[in-house]
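*Asks:* For the protein sequence lines, the chains are A and B, in the order given. All the letters of the first sequence, read from the start, carry residue numbers 1 to 516 under the working numbering. All the letters of the second sequence, read from the start, carry residue numbers 1001 to 1382 under the working numbering.
Simulated from the structure, these hints should not be mistaken for laboratory data. From a predicted model like this one, the values you see are computed outputs, not experimental measurements. Using N, Cα and C, we set each Cβ at its ideal position, and we do this for glycine too. Keep in mind that the hints are not guaranteed to be accurate.
As the list claims (entries may be wrong) - To spell it out: a stretch of chain A is covered by chain B in this simulated footprint if at least three of its residues, at any positions, have a beta carbon under 8 Å from a beta carbon of chain B; those stretches are:
(1) 56-66
(2) 162-173
(3) 456-465
Stated by the list, open to error - Pair ranges (Cβ atoms, derived):
(4) Arg361/A / Glu1087/B: 30 to 36 Å
(5) Phe1224/B / Gly505/A: 18 to 24 Å
(6) Arg399/A / Phe1074/B: 27 to 33 Å
(7) Thr381/A / Phe1074/B: 25 to 31 Å
(8) Phe231/A / Gly1077/B: 31 to 37 Å
(9) Thr381/A / Gly1078/B: 33 to 39 Å
(10) Glu408/A / Ser1039/B: 27 to 33 Å
Unchecked claim - Subject to a maximum C-alpha distance of 30 Å in a straight line, what follows is the list of computed BS3-like cross-link-like pairs (lysine-lysine):
(11) Lys473/A / Lys1037/B
(12) Lys1174/B / Lys472/A
(13) Lys155/A / Lys1033/B
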Amino acid sequence: MNKNESSEEYRSAENPSEYSQLEQGISHIWEIAREYGLDPFPTHFEMVPPDIMSEMGSYGIPGHFSHWTYGRAFHILKTQYDYGLIRIYEMVVNSNPAHAFLLDNNSLAINLKVAAHVNAHVDFFKNNFLFQETQRNMPTLSSLRAERIREYENKYGTAAIEQFLDACLTITEHINPGKFNRLSPSDQLSKWKNEFKTQKKPKRTEFDEIYELDPLFKKSTQETKPGKMPFPLHPDKDILGFIRDFAPDLEDWQRDVIDIVREESYYFYPQARTKIMNEGWASFWHAQIMQEMRHRGHITPAQAEEWWIVHQGVVQPMKDRLNPYFFGYVMFHYLSEYFNGQLTDEETDWLRVHDYPTYPRYHGDFKNSPGLQEIRRIMMTNDDASFIGDYFNAIPARRMQAYLYDTEEGGNETSYVITTTDWDQVRDYLVAERANNGRPYIVVQNADFEDRQELLLHHQFDGRELDAGYVKKTLPYLYYLWNRPVHLVTVSDDRIIQHTFDSHGRLSEDIIGKVE
Amino acid sequence: MNIERFNFTVSGRDWELHRKGPVDAHRHAEKVKQAIKDSLPEIINHGDLITADPNTRKIIRIPIRSLELPDFRFGSGGEGIGTGEGEEGDVIGTRPGEGQGDGQAGDQPGVEYYEVDLTIEELKEMVFEDLGLPYIEPKKSHQEVSQDLNFDNLAHRPHFSNIDLMRTALENMKRNAQERGIPIMGDFSEEDIWVRTWKETNIEVSNAVVLVMADGSGSMDTDFKKYIVRSFTWWMVEALRFIYPHVEIVFIFHDTNAYEVDEHEFFSRGMSGGTMCSSANQMAIDIIHQRYSPDEYNVYPFHFSDGDNYDSDNEVCLRLVQELLSLNVNQYAYIQIGDDHWARLMALYQNKISHPRFHGLHINNKEDLYPALKEVLDAERE
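With the hints as extra help, turn the sequences into a complete structure.
*Replies:* Shown next, in the form of structure tokens:
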């Protein structure tokens, strides 16, 4: 993008007639969206130059605290923009009122398309079940937190804060999504003591059979010495929360920084868990709304062509990865047609043969169709895993030509080879990949390991091995937080491995058992 | 705009005052620089850096693994999902195999590389900073004198090969004006003719040659040892370039035999087998006799070794080093990298040679490098 051109565009965006055109257009979009039943929060649009857009895209929330990792993301985005490789069209923040950013050097047609996309995102944020607990005043909170971190920097030095943030951010994903609130440390302890006293031997439950499938389960129960209460009494998945509550040597400001990182992690968690649905929903609706804009004559044929070209770029299939916009777009399209009985004969035959319910062909207006009601219900009550697990089948699989591939080493090059095009294998792969947001499930097993206040983590093995190199790089950061030796037990090559980072700064790896 | 009805607002505030990106990006850039510094021994081990023409702005492209915070993650099995045309068994794409540090950035998602372009000048600056070496101040030392011709004089003598036409024409016109009253050209006489002539001036031309000898045995083949050899030589050559306009470098690599090689081979060749340091010294003597007479060149032989040498060879070495010193080389340095207490050669040299231009130097770690260089260069200044 030519610099002069963009600054010229910027000036023209400040020109009132340009603004009123945009406002006019967005009001049409809001009207159409409301007719289709979309129900967003009040939304504030901000027109910004590309540089600011790159910055917002890398920090995720306006007013977010400083850290070099965001600087890195910003540098990459900015460079890619400068070389014309990438263009972020839209950035929207889950808050009430919602904040959205538009590029001031985009044409009117493109910004209208983006506004339609934003409307559906905000509708999703407001109505999907996973987002009901999110902090909707996040931009304000985020600025206040950034202010606190700045104060700590002034007080303890930027280097100390950076080092501590580095450590917190390495384990930022390790929270327990269903459980944000924790009792105070002393309440937790007395609750555990009480529980342990009144019921020394945990009753065997019907779930134990499932737990026993975990190769580490037996080991962990043997470890408990009789008479001594395990600490924590129950394995704790919220590693950040556990460290905040029980790490022996943390200062108050450090607990506060952990809190900040942890609260953000809870805030962003539902977004990671609904990436496909959210982008699919927004892409489905921007297309729907913009077509309606054309029908009603709010945009010209040339403008219609313009947004359509950008839309094609956004929802294009990718050979080597899943494009969430494309996947979600195809899914919602399929589902609306499915519930409206508007599939092709071939597709309907497949459904009949495989005992799926089919629906009578609907001939009326889409606005009042059962399909619209159904996709709205699906949008509100699913996450990506259940969305794919319940609704992905041979029809969308064929429409998007989905396959799984694997790498094959040969000579001096690596080939990517399609291993299957079976829709059920694709579905199972996608659902499995989404377990725990695609992150390893790791719990605090014992925080008084070897009776020396050492921290023992367990990786709950599901067939996917951890990257040992990354384990070795991450443990030192955990040591820094816990200030005692840290251990991680996992499975590799059918052996149970214990990684350790000890107080001499040494990493070690011991085989402590075999998987039977 | 009717906000109550439609529930949205549009504005174009100036966000410049709320920015953090550039500051944090700068912090990231600092960390990248630190990462480069941390892998300097590795980086300066590829590419011919010492013999690169100091006047060209050669750029070295350094791939460094993108800086990222680690986390617990799954090992990537290489499998994935895609969308597009294709049946089971079809190849959807290929990627070259693992390159050997040739800057081939991976195009696999998840493996990010930063490519940092550095000029030799910047790299040098980093190496010097890393090793605590100062920039070198120019200091005149040995100067050889040679003669040069400067056409900066005129003579009134008929020697037509160097005739100065302009001056001759001018003189002719002047004479015509004087004699006939008209300043025209013509009727040349011998007294009009001026020729350009020269004065013999003495200018300082000087040459130096650095003879770098290194033991190629397996025990010398570590990044650290190569880093020391390379940075010692590099810094020395830089320092000598301040003194002499022309510095040549000869690389001699040896096991039980010596070979003259180029820079690339010198640093990339590894060899196992025995070690006879005398072979390199003998070759240095031969090369000096053949090409670099100490009457014409300032000669700086440096021998790097880890101290491991056949005992029977030590006496031979001693004799050869003494011979080199008697050839009037400028400074001879024997540099032992690593702390091998059994190394007899150093002890022998230090006991038997008291020549002021001989230096027996120990380098065990980065910190020893600067004092070692200083010793050689200080001796040079005296």
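*Asks:* Would you mind marking each hint as holding or not holding in the structure?
*Replies:* Hints, verified against the model:
1. 56-66: holds (count 6)
2. 162-173: holds (count 7)
3. 456-465: Three-residue rule met by the region 456-465 of chain A, so holds; n is 3.
4. Arg361/A / Glu1087/B: 30 to 36 Å: Given range 30 to 36 Å: holds, Cβ gap about 33 Å.
5. Phe1224/B / Gly505/A: 18 to 24 Å: Holds - the Cβ-Cβ distance for Phe1224/B and Gly505/A, about 21 Å, lies within 18 to 24 Å.
6. Arg399/A / Phe1074/B: 27 to 33 Å: With a Cβ separation near 29 Å, Arg399/A and Phe1074/B satisfy 27 to 33 Å, so the hint holds.
7. Thr381/A / Phe1074/B: 25 to 31 Å: Once the Cβ atoms are compared, 29 Å apart, the range 25 to 31 Å for Phe1074/B and Thr381/A holds.
8. Phe231/A / Gly1077/B: 31 to 37 Å: Holds: the Cβ-Cβ distance is about 36 Å, inside 31 to 37 Å.
9. Thr381/A / Gly1078/B: 33 to 39 Å: Given a distance of about 35 Å, which is inside 33 to 39 Å, the answer is holds.
10. Glu408/A / Ser1039/B: 27 to 33 Å: holds, 32 Å
11. Lys473/A / Lys1037/B: holds, 20 Å
12. Lys1174/B / Lys472/A: Violated. Lys1174/B to Lys472/A sits at ~93 Å, over the 30 Å cutoff.
13. Lys155/A / Lys1033/B: Holds. Lys155/A to Lys1033/B sits at ~27 Å (cutoff 30 Å).
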